[in-house]
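Enquirer: In order, the protein sequence lines correspond to chains A and B.
Residue 67 in the numbering used here sits at position 67 of the first sequence, with consecutive numbering throughout.
Residue 1235 in the numbering used here sits at position 235 of the second sequence, with consecutive numbering throughout.
Please keep in mind that the hints were generated in silico from the structure rather than gathered at the bench.
Note that beta-carbon positions come from the ideal geometry of N, C-alpha and C, so glycine has one too.
There may be inaccurate statements among the hints.
Among the chain B residues that face chain A by a calculated CB cut under 7 Å, a handful are [to be verified]: (1) Asn1025; (2) Pro1166; (3) Met1176; (4) Ser1178; (5) Gln1246.
Number of protein chains: 2
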Amino acid sequence: MYIGFSEAETFLRNCSDAVIITHRNPDGDCIGAGFAMRDILTELGVRSRVVCHDEFPKRYDFMTSTGAGEDFEPQTVIAVDIADESLMGRYQEIYGGKVQLCIDHHISNKDYAERTLLRPRATAACEVIYDLAQYMGVRLTTHCATCLYTGIATDSGCFKYDCTTPRAHEIAAEMMRSYDINFARINRYMFDVKSLGRMKLESAVTRLMEHYLGGRLVMIVLTKQIMDEMGVQSEELEGFAPLTIQLEDAEVGIMVRERSDGTYKCSFRSANDVNVSEICQTFGGGGHAKAAGCTMTGDIADVRKRLVDAVRRTFE
Amino acid sequence: MYIGFSEAETFLRNCSDAVIITHRNPDGDCIGAGFAMRDILTELGVRSRVVCHDEFPKRYDFMTSTGAGEDFEPQTVIAVDIADESLMGRYQEIYGGKVQLCIDHHISNKDYAERTLLRPRATAACEVIYDLAQYMGVRLTTHCATCLYTGIATDSGCFKYDCTTPRAHEIAAEMMRSYDINFARINRYMFDVKSLGRMKLESAVTRLMEHYLGGRLVMIVLTKQIMDEMGVQSEELEGFAPLTIQLEDAEVGIMVRERSDGTYKCSFRSANDVNVSEICQTFGGGGHAKAAGCTMTGDIADVRKRLVDAVRRTFE
Chain A
1 MYIGFSEAET FLRNCSDAVI ITHRNPDGDC IGAGFAMRDI LTELGVRSRV VCHDEFPKRY
61 DFMTSTGAGE DFEPQTVIAV DIADESLMGR YQEIYGGKVQ LCIDHHISNK DYAERTLLRP
121 RATAACEVIY DLAQYMGVRL TTHCATCLYT GIATDSGCFK YDCTTPRAHE IAAEMMRSYD
181 INFARINRYM FDVKSLGRMK LESAVTRLME HYLGGRLVMI VLTKQIMDEM GVQSEELEGF
241 APLTIQLEDA EVGIMVRERS DGTYKCSFRS ANDVNVSEIC QTFGGGGHAK AAGCTMTGDI
301 ADVRKRLVDA VRRTFE
Chain B
1001 MYIGFSEAET FLRNCSDAVI ITHRNPDGDC IGAGFAMRDI LTELGVRSRV VCHDEFPKRY
1061 DFMTSTGAGE DFEPQTVIAV DIADESLMGR YQEIYGGKVQ LCIDHHISNK DYAERTLLRP
1121 RATAACEVIY DLAQYMGVRL TTHCATCLYT GIATDSGCFK YDCTTPRAHE IAAEMMRSYD
1181 INFARINRYM FDVKSLGRMK LESAVTRLME HYLGGRLVMI VLTKQIMDEM GVQSEELEGF
1241 APLTIQLEDA EVGIMVRERS DGTYKCSFRS ANDVNVSEIC QTFGGGGHAK AAGCTMTGDI
1301 ADVRKRLVDA VRRTFE
C-alpha cells in the first residue's frame, strides 16, 4: 500500500526495535539512507540496526563508522532504497513478506511492503528521507545530514545527471546552510579519488577501446583470456561501462565481458538520445534508456558483428 | 568603487553600445558571464559585443554560437570575471583604465574599474549576474540561463568543490524549475567527455606519477625531453595538475613542467588541509590554499629534492 508522509510519521513514532535493510551491492544512496534512518530513529528513541547482504565497502566508512547497531530481536522491519525483495539477498529468507515500511524512489518498486513511501521522481532515497525528516520536524545530526547529502550526491553523479531534481539542489543548499557537512571532502572521496590499481586498470581498459560507425559506437571487449592476462576478475570491472561513452563522438558504448560459462555479459550506455534498453530487448535483455544490458552467446567475432549491426540499425 | 545591485541596474539601464570583455584563457564562467550579459543587454535594448584575447574553445560553442555581436564603436566598457586588467591580454591596451563596470567574484579583484560589483563569496561571476538579473526583474532566455548554469557548474566542478555556495544550488534549482536548460547534456560535455588525444595523454601522464612520503606526495615531472618524446606541447598539459591528487593517499600533488628557457613551472594542488600557497611562497610563488604555483631553477634532481623536502617539512 502506498502511503504519504503523515502515515510514515505515525508509523515511525510508534515503532520499536527496528531492523533497517539496505540492498545488496550497496551504494552511497542505500548506505546513506540506512544510516540516516538509524540516526532519525535514535532521535525518536527507537533502537535500530542496519543490515546488508554484502559488507559495506571501506570507502563509505565515514557513514558506517557510527556502527550498524546492536543485536536484538526486531519488532519492526524497514527497507530503504529497495525496489524488489530479491535485492535483499540473504535477508529475503528472513524478512521476505515481512517489510512493514519501505522508503524508495524507484519507479519500478514492486509494492511488496505493508506500507510504501514512494517518490518515483526523487533523485535518491535520501531525498525522500530528508523531506520526511523535515515533515516530522526531526532535527538532524551532522552525521545524518552527511549521510543524506552523500546519497543524493552519489545517485545524481554530483548533480550532473538527468535524474537530478530541483529539490535535490534545494536540499543541498538547506544542508549547507544548516549543518556543518564537509561536502567537498565527501565529493572528493566519492568522485575524484582512485586507488592506484583502479587508475592502472582504467588506463589498461581504455587502451582496448574499439571504434565503430564513425566513432559513434565505442566497444570494449574483455574476453577471459584478456582478463587473465591483465590479472583481473570480471567483478573488478563493475562500474567501468561509463568509460565507453567518455569519448566526445560516442553516442553508444558497450562493455562486453566473457563469463566463466563462455556467455558474454554486455553492458550498454547511451550518451544522449539513443534508447539502449530497446536495443538490449532485441537480444532478450533490458534496463533503462541510458543504461541497459543483455547476454550474448556464440563466437566473439559474431557477437561483435551482431552488436555493431544492432546499433547501426538504431542510428539509421 | 564598489557598488551594489541598485547602482549596477541604473548603469545598465542607461548605457549604450557596450563591449563586454572576458579574460584571456577563457573558461566556462567568463564565457557564460559574457554571453549571458550580452543576452541581458539585448533584453534591455542595448547593442553589445563580447571580446576575448583568445579564441573561444570549440567545446563552448553551445554558448558562443549565438554570435559575439556586431562591430561598432563602444560607448560602454564592461568587464566580467576579470580580477586584474592584465588578464584582458591585448584588450588592456585598448580598454585599460576605461572599464566602467566590472562584475566579478574574485576576492583578489584589484578595483580597477569605475564601478565594481564584487561578490567575493560567490561561486562564479555567473552567480552574481543571475542575482543581478533577478534583482532587475529581467526575464532570462533559455540561452542566457544555459550560459549562467554553465558558469556556475564549471567554476564549482559541478557543485563538487569547497567554493560551492548554498546560493549556487538554489540558483540551479530555480533555473531547472523556470527554464528549459538541458543541464545533463551541458555537464556531460563539460565534465565527462574527452577527446581521444586527451584520453591518451592522461594515460601517458598518469604513468609518470612519482610517489613520495608514503604516497602523501605525488609528483609528475615533465622535462622538455619527455614532452618531446610524447610529442606534446607544455600548453596542452594545462588542466592536468588535478590528476596529481586523484590517488587515494595523495595530500599534495605537484606537476612540474620544464619551460623552453630551462626553468621549471611547478603547479601545486592540495587534496585536503595542506596550504600549498604557503609552500609556494617559500619559493617566491603563491596562489590559493588548494591550488598554487612557483618557478624553480637548477638541476631537475635538485629541484625534485627541494620540492619533496618542502612538502615533508609541511607534513611535520
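Enquirer: Decide, hint by hint, whether the structure agrees.
Expert: Each hint tested on the structure:
1. Below 7 Å, beta-carbon pairs count as interface contacts, and B:Asn1025 has none with chain A, the closest being about 21 Å; its hint is therefore violated.
2. Taken as an interface hint, B:Pro1166 checks out: its beta carbon lies about 4 Å from the nearest beta carbon of chain A, inside 7 Å.
3. Checking B:Met1176 against chain A by beta carbon gives a least distance of about 4 Å; that is within 7 Å, so the hint holds.
4. Taking 7 Å as the C-beta cut-off, the interface hint given for B:Ser1178 is violated, the closest approach to chain A being about 9 Å.
5. For B:Gln1246, the shortest C-beta to C-beta distance to chain A is roughly 5 Å, which falls under 7 Å, so the interface hint holds.
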